[in-house]
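There are 2 protein chains.
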Amino acid sequence: MAKQQIKLGLVGFGTVGVGVAKILQNQADLIAKRSGAEFTVVKAAMRDVNKKRDIALAPGAATTDWKEVVNDSEVELVVELMGGTDVAFEVVASALKLGKPVVTGNKALLAERGEEIFALSAQHNTPVYFEASVAGGIPIIKTLREAFVSNALVNLSGIINGTCNYILERMTDAGLSYQDALKEAMDLGYAEADPTLDINGWDAGHKAILLGAISYGFLPDPAKTYVTGIENVRLEDIELADKLGYAIKLISVVKPACDKTIEIRTQASFVPQTHLLAKVDGVFNAVALHGDEVGDSFIYGRGAGAGPTATAVIADLVDAANGSKGFLPYNATSYTVADIDETETAYFVSIEVKDEPGVMAQITSLFSNQGMSFSGTFSNVNPSEPDAAMNSVSFITHKAKLGTLKAALSDLASLDCVTNEPTYYRVESFE
Amino acid sequence: MAKQQIKLGLVGFGTVGVGVAKILQNQADLIAKRSGAEFTVVKAAMRDVNKKRDIALAPGAATTDWKEVVNDSEVELVVELMGGTDVAFEVVASALKLGKPVVTGNKALLAERGEEIFALSAQHNTPVYFEASVAGGIPIIKTLREAFVSNALVNLSGIINGTCNYILERMTDAGLSYQDALKEAMDLGYAEADPTLDINGWDAGHKAILLGAISYGFLPDPAKTYVTGIENVRLEDIELADKLGYAIKLISVVKPACDKTIEIRTQASFVPQTHLLAKVDGVFNAVALHGDEVGDSFIYGRGAGAGPTATAVIADLVDAANGSKGFLPYNATSYTVADIDETETAYFVSIEVKDEPGVMAQITSLFSNQGMSFSGTFSNVNPSEPDAAMNSVSFITHKAKLGTLKAALSDLASLDCVTNEPTYYRVESFE
Chain A
11 MAKQQIKLGL
21 VGFGTVGVGV
31 AKILQNQADL
41 IAKRSGAEFT
51 VVKAAMRDVN
61 KKRDIALAPG
71 AATTDWKEVV
81 NDSEVELVVE
91 LMGGTDVAFE
101 VVASALKLGK
111 PVVTGNKALL
121 AERGEEIFAL
131 SAQHNTPVYF
141 EASVAGGIPI
151 IKTLREAFVS
161 NALVNLSGII
171 NGTCNYILER
181 MTDAGLSYQD
191 ALKEAMDLGY
201 AEADPTLDIN
211 GWDAGHKAIL
221 LGAISYGFLP
231 DPAKTYVTGI
241 ENVRLEDIEL
251 ADKLGYAIKL
261 ISVVKPACDK
271 TIEIRTQASF
281 VPQTHLLAKV
291 DGVFNAVALH
301 GDEVGDSFIY
311 GRGAGAGPTA
321 TAVIADLVDA
331 ANGSKGFLPY
341 NATSYTVADI
351 DETETAYFVS
361 IEVKDEPGVM
371 AQITSLFSNQ
381 GMSFSGTFSN
391 VNPSEPDAAM
401 NSVSFITHKA
411 KLGTLKAALS
421 DLASLDCVTN
431 EPTYYRVESF
441 E
Chain B
11 MAKQQIKLGL
21 VGFGTVGVGV
31 AKILQNQADL
41 IAKRSGAEFT
51 VVKAAMRDVN
61 KKRDIALAPG
71 AATTDWKEVV
81 NDSEVELVVE
91 LMGGTDVAFE
101 VVASALKLGK
111 PVVTGNKALL
121 AERGEEIFAL
131 SAQHNTPVYF
141 EASVAGGIPI
151 IKTLREAFVS
161 NALVNLSGII
171 NGTCNYILER
181 MTDAGLSYQD
191 ALKEAMDLGY
201 AEADPTLDIN
211 GWDAGHKAIL
221 LGAISYGFLP
231 DPAKTYVTGI
241 ENVRLEDIEL
251 ADKLGYAIKL
261 ISVVKPACDK
271 TIEIRTQASF
281 VPQTHLLAKV
291 DGVFNAVALH
301 GDEVGDSFIY
311 GRGAGAGPTA
321 TAVIADLVDA
331 ANGSKGFLPY
341 NATSYTVADI
351 DETETAYFVS
361 IEVKDEPGVM
371 AQITSLFSNQ
381 GMSFSGTFSN
391 VNPSEPDAAM
401 NSVSFITHKA
411 KLGTLKAALS
421 DLASLDCVTN
431 EPTYYRVESF
441 E
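Protein chains in written order, with this note's numbering: chain A, 11 to 441; chain B, 11 to 441.
Please keep in mind that the hints were generated in silico from the structure rather than gathered at the bench.
Incorrect hints may appear among the rest.
Copies of the same chain look alike in the list, so a pair counts if it fits in one copy or across any two.
With a cut-off of at most 20 Å between alpha-carbon atoms, the simulated EDC-like pairs for lysine to aspartate or glutamate come out as follows [claimed, not checked]:
#, residue 1, residue 2
1, Lys289, Asp306
2, Lys364, Asp421
3, Lys335, Glu48
4, Lys270, Asp302
5, Lys62, Glu126
6, Lys416, Asp247
7, Lys409, Asp183
8, Lys289, Glu431
9, Lys32, Asp302
10, Lys335, Glu125
Throw the hints in and build the complete structure from the sequences for me.
Okay, here's the thing in structure tokens:
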């Protein structure tokens, strides 16, 4: 674009859209001095043009019809902040077809329909920018694409859903049950009215897909990525983790696997308490990166909210104004997602047992038969009752493929002494 | 520049220069796919062209004369990695005069002679890029300039000298004396043969000047910035800090003060052990940022070494190839550095005393007379000897100007019961 006076059209004028417009007004001088770029919002689509908002748009700028924004001949760049994957797709596609660059914060749209969108972007030689779609105030896309342009990504492990992080933290620090912590997050406005996509892991899962795309140049198929949430994390798991020196966090991992495949997965994992990721509190986000040349790095910030998200949107606006190239998949046909059963980590496994002779021998033999071994074990010991029954036992395994663990757990189910389905978590190691 | 095939000249071919050349060779495909840019090193100046290096340059590319690099008609972009402020200035100035953009990692050059260099950059409309000059693998300049382009900086507090951080950590964790920790750092190659600029704070001080320039648009006068090092940090200070819940770190602070002045200072400070900066170990660097819209953020990574520094250099090369604007001071005449005596923090003050009646009353009255008050106090208590002599007492003060603290400390010197010059540290609060 490389143009210094840009006329914007906004589609979506909620918290973030209003935030963008306000910062563009209040900080116009700073932005212009730093970047040379000046922005004017000439058209903005919103549900209710009469709703009172803390911002004055130009007369006639407000509309309820997104087409009026995209098709406005004055609008040179379209900012899509409406969310969803149907109308939002139409908005983005229409803008690209008109040769108008798009800035969006819509992770679901890009993760689910990225192939169509990037094809349009390439076809019309018109870029799409999406820093705001992953971890709001953390410039993770710019860091991966630009700062670490020369580095092969060895490991990315991120906390990229603030709602889950808040819930897990409250379970950890205040001993709340999952249900009570979720309710608190909703009461405080940290979780959506429908928190499904947060707690089932898919909000983070969508972001992981975009981080995979940026890092390896192809769009991971959502159906092939592994995503589970935090609904099944029990307070006793968190307490056990703590005893062993771990925190439980919803972690999204992106890393290379064999033969031009990448491992991409989101789940509640064990994280060593000594790692910086374990120290990420509340609704904050953080990403630990390991680049082959830069080594370990770590970025932390607010993942949501008007200020952080608008900051990311405006960074993209400036990049667009300066003619920065947008992302296009460069390994679209050569890379794919690794089979989750082939991915390796250590595991925490907790097994409820009947206290009878030979329990430990039977269990450990089964693991051993699958080629799995242990780096640690734990069960509650009562010093004043050494003869008390052992009702459960936990293990930290050495690294193994998930498929191998599943086979071992399936074998366990056949043992009489195992009284319940075992619980397991991955133990992350950031390598 | 916005040109996709760039011919480079390197001036300085030590660890970092060789690292740049190697990564450009090994990762040429990745860099080209991601950015569209391709680089060839056509000329490189080095002290000894016959020294065995783990890299093959084109025949005739090696020279001992930097002028051959800068003046080579093929060379389009000059990478200055020789260090120093005299010849390096000539190199950079000559390149700019020829309209050849410069990428440099030379913090001392830019901090000491930035006015001349940016004047040449403006005059010849030729940019200078310097990501590698501050905190190697941490993309702090890109983050401040681009990701947070719309944010006024509220506070920046960084650990930007790995040598000092290593020494302070070893004093803290292993109980080494300052001298032993310094020797260990030198033996391990973490400190230069002449570590003066590390331990006297000026390596960090130069970087702080550049961070001030990026954040506020003017070049802080080095003579007006406050810089002290770690030479006077005693093991007993670290132990006392630990007892009170703090770590001692060499912290560089950049933040706005009154009337278009900025506070800019580097010194050993008390940092709460709960803050992420306190958890930065070894030779790592980290910067905590507070932007007015993005809120708190934190970036951590390696501050030195071939891989991290070359990563930063290559990020600048790609930005140059894509025509990214370099930094130019935009508030050159309107901003200045605040008087250090006017800057406010809380303080830790430790005072050695004679144990006699009225000591506490005399000391606290003096502080009170200067308008200073305390948020905490500590002296060793021996439970089995409550009548033991009190030889020293420490205070955490409420916030006050440094000038006020100095006045109080000067008053203290007049007291008979104070047996030594008091020790003080700032207590950082990142606001």
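These are the hints, each one checked on the structure:
In this assembly of identical chains, the alpha carbons of Lys289 and Asp306 lie at most 20 Å apart whether taken from the same copy (16 Å) or from different copies (14 Å). In this homomeric assembly, Lys364 and Asp421 come within 20 Å of each other (Cα to Cα) only inside a single copy, at 17 Å, whereas the closest approach across copies is 74 Å. When the C-alpha separation of Lys335 and Glu48 is checked against a cutoff of 20 Å, the pair qualifies both within a copy, at 19 Å, and between copies, at 15 Å. Taking the shortest alpha-carbon separations for Lys270 and Asp302, only the intra-copy value of 16 Å comes in at or below 20 Å, while the best inter-copy value is 42 Å.
Taking identical chains as interchangeable, the C-alpha atoms of Lys62 and Glu126 are never at most 20 Å apart, the minima being 36 Å within one chain and 51 Å between chains. With identical chains, the CA atoms of Lys416 and Asp247 are at most 20 Å apart within one copy only, with a shortest distance of 19 Å there and 53 Å across copies. Taking CA atoms no more than 20 Å apart as the test, Lys409 paired with Asp183 passes in neither setting, with 29 Å inside one copy and 31 Å between copies. Taking the shortest Cα distances, Lys289 and Glu431 never come within 20 Å of each other, neither inside one copy (31 Å) nor across copies (38 Å).
Proximity of Lys32 and Asp302 under a CA criterion of 20 Å is satisfied inter-copy only: 13 Å between copies versus 40 Å inside one chain copy. In this assembly of identical chains, Lys335 and Glu125 lie within 20 Å of each other by CA distance solely inside one copy; the values are 18 Å within and 32 Å between copies.
Consistency note: the structure conflicts with the earlier hints numbered 5, 7 and 8.
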